[in-house]
Structures are given as C-alpha cells and as structure tokens.
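Chains V and A supply the protein sequences, listed in that same order.
Residue 39 in numbering that gives the first Met the number 0 sits at position 40 of the first sequence; the count goes up by one each step and never skips.
Residue 54 in numbering that gives the first Met the number 0 sits at position 55 of the second sequence; the count goes up by one each step and never skips.
Hints should not be assumed to be uniformly reliable.
[Stated by the list, open to error] Lysine-lysine pairs mimicking DSS-like chemistry, simulated, CA-CA at most 25 angstroms apart:
no. : chain 1 : residue 1 : chain 2 : residue 2
1   : V       : Lys-16    : V       : Lys-52
2   : V       : Lys-95    : V       : Lys-168
3   : V       : Lys-52    : A       : Lys-2
4   : A       : Lys-11    : V       : Lys-4
5   : A       : Lys-2     : V       : Lys-4
Hints in this document: simulated from the structure, not taken from any laboratory.
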Amino acid sequence: MMEIKDIIKPENLVYGKSNLLVDTISHYCPGCTHGVVHKLMAELIDEMGLQEKTVGVAPVGCAVFAYNYIEIDWQEAAHGRAPAVATGIVRLNPGKFVFTYQGDGDLASIGAAEILHACNRGENILVVFINNGIYGMTGGQMAPTSLENMVTSTTPFGRDSERNGYPMKMTELVAQLPGTSYVTRQSAQTAATVRKCKRALKKGIQNVLEKKGTSFVEVVSTCNSGWKMTPVQANKWMEENMFPYYPLGDLKDSKKGESVSKN
Amino acid sequence: MAKVRGAVVVAKEGCKGCGLCVEACPECVLSLNREVNSRGYHYSYMENPEACIGCANCGVVCPDTCIEIYRVRLQ
Chain V
0 MMEIKDIIKP ENLVYGKSNL LVDTISHYCP GCTHGVVHKL MAELIDEMGL QEKTVGVAPV
60 GCAVFAYNYI EIDWQEAAHG RAPAVATGIV RLNPGKFVFT YQGDGDLASI GAAEILHACN
120 RGENILVVFI NNGIYGMTGG QMAPTSLENM VTSTTPFGRD SERNGYPMKM TELVAQLPGT
180 SYVTRQSAQT AATVRKCKRA LKKGIQNVLE KKGTSFVEVV STCNSGWKMT PVQANKWMEE
240 NMFPYYPLGD LKDSKKGESV SKN
Chain A
0 MAKVRGAVVV AKEGCKGCGL CVEACPECVL SLNREVNSRG YHYSYMENPE ACIGCANCGV
60 VCPDTCIEIY RVRLQ
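With the rest of the complex left out, here is chain V (with noise of 0.2 angstroms):
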C-alpha cells in the first residue's frame, strides 16, 4: 500500500500555484470568485509566456488591489475610466497585451460610457467582468446589475423595478457593438465551470493578440458577504437566481470569417 508521503514528490505534482501568483494572503473574502478569475489570469499569462508584455489594468473596487497579486505591469484606474486609460496604454504600445479587470458597480455604473466606447472603437483590449450583482467592498449596495427582488443594504425591501430600474445585462449590450469580436458569460463556481472560463479567457487573450477587436468576458460571480450567505449557499444562490437572468455562453465570436474592428 502506497503512503501518501511516497506520493507526495515534486515529481508528481499535478497542480500548484502559478508563479505569477505572489506568495501574500489575498484580501479577498473566503471563498471569493475574485481569487479564481486571479489565479486563472496569472495561470494563462504564465503559460503564454506573456509575463513580460502584459499590462493589466485593475478597477475600483473589491480588485482595486489586483496588483499585489500577480506579478506582471499594472496600471490602476479611476473608478469606472479602466477601459479608457487601457486604450491610451494599447495605443501607445501596441505590441503589448492589454487587460482591464472590473466588477460591475466600476464598468455597469460608474464607467458604463467608457467601456461601450472603448468597445465600440474596438480597441485591442481584453476586458474581464466580474458580476456578482452588488457593490462588494462598499458594503452590499444595489448595483445596476442586481436582480429584480434581490435584498441589499440600499434596497432592504429587494430591488423594485418601478424605482430602480432593470437588472442591466452588459454583455448583450456589448455584443451588439462591431467593435467586439468574442463576447461571452461564463462562471466559476464549479470545476468544470472555471476549466471552461480559462478556455474563454485564453481565447479572448488569442483574439486580442491577433488583434480582432475587444473581447469582453464577463464571469457570473457571487459575493457571499454581501449576499449574506456561506461560500456554499452563495454559489448555489448564484446558479438559481443569476443564471436564468444572466445565461452563460457565447453572445459572439467573431472566429467565422466575420471581419471585426473598426467597421
């Protein structure tokens, strides 16, 4: 019988922590959809060698501090203006790879001008969407994205459609703009579900190298401080409530012959 000090050898190891990823204790919540989508950017710029011309550009927000984790060029923006100061760092270097990270209360609210111009210029960026459907860091406020009903400090009665307006779905709205190549939603509550968002995020880093526009991948996330609930409760909350709002998929790829940019 094999014990398991026999087993546990460098040689057999299957998965570790990327070398992109620092060795700090994030601030992030216990089981924060954050801390994934981190260490599946750090694993995908380590693995395409891109450490050296990758310039990430971290929002405002609960990922304000994006920078202490992953060890590659950042830039932080004011809140909302990511996309607007990634077009002027792309245009001025445009063989580097250019990202911007944000929630949804920084790129849905706040920045929601700068990121459809920016994607209807089709800049060469690629832009990740955290939604979790709250302000996160400022203590669970109603964010554009929250679902209709959905209870939170600002709306302790649920989200009223009459007074707060609709649950707003950014990635439709993006999808609708030529400057877009590849659009898509995905989550990362289950093993599956994140080895499938690091296929979508590799794919947007590959269209943005081959310079075809803005992709855009907005992954559907919880927060389970805000939403009050464990770690557990809040992904299961997430599938049944977000997930009829906010389908997962692909809204648009521009892969099939179909001439993106600058139309």
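Chain V is fixed; fit chain A onto it per the hints.
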C-alpha cells in the same frame, strides 16, 4: 482498487476555510478541520486520504490557490 492515487497538500495558513474544495471533491476526501489556523479559519484537510484520486478539482476551485495536488499511477 483504484488505478490512480492522489494526495493534496493544503497550505494551512493560506486557507480561509470557505469549503468550496470540500464541495468540489467527488470522493469526499476533504473536510474542514476542527482546529483553526493562526487567522482563525477552519482550514481544509484530507479527512479520508485513501480515497483521493488526484483529480485536482479542489485546487481548481480554490480561490486562494492554497492546494497542491499530487498524483501517481499505480502499476
């Protein structure tokens, strides 16, 4: 008898006890420890190490990347 054996190493201090790995494990290997780490979290550990097949599902879903997975193919 399984043809593969696996083992996971959880970095005790990095674990925040979210329990996602416990949910993700198909063989019910992992569990949250009754003990806590220095930051007060019930860290994950191999409660049932014999059952591990090294599928890496726990590591893939871990938001804090504190799980390393080892796998050997039995002769």
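Hints, one by one, checked against the model:
1. V:Lys-16 to V:Lys-52: holds (21 angstroms)
2. V:Lys-95 to V:Lys-168: With Cα atoms ~30 angstroms apart, Lys-95 (chain V) and Lys-168 (chain V) exceed 25 angstroms; violated.
3. V:Lys-52 to A:Lys-2: violated (42 angstroms)
4. A:Lys-11 to V:Lys-4: Judged against 25 angstroms, a Cα distance of about 17 angstroms means the pair holds.
5. A:Lys-2 to V:Lys-4: Roughly 18 angstroms between the alpha carbons, so the hint for Lys-2 (chain A) and Lys-4 (chain V) holds.
Consistency with the previously given hints fails for numbers 2 and 3, ordered from lowest to highest.
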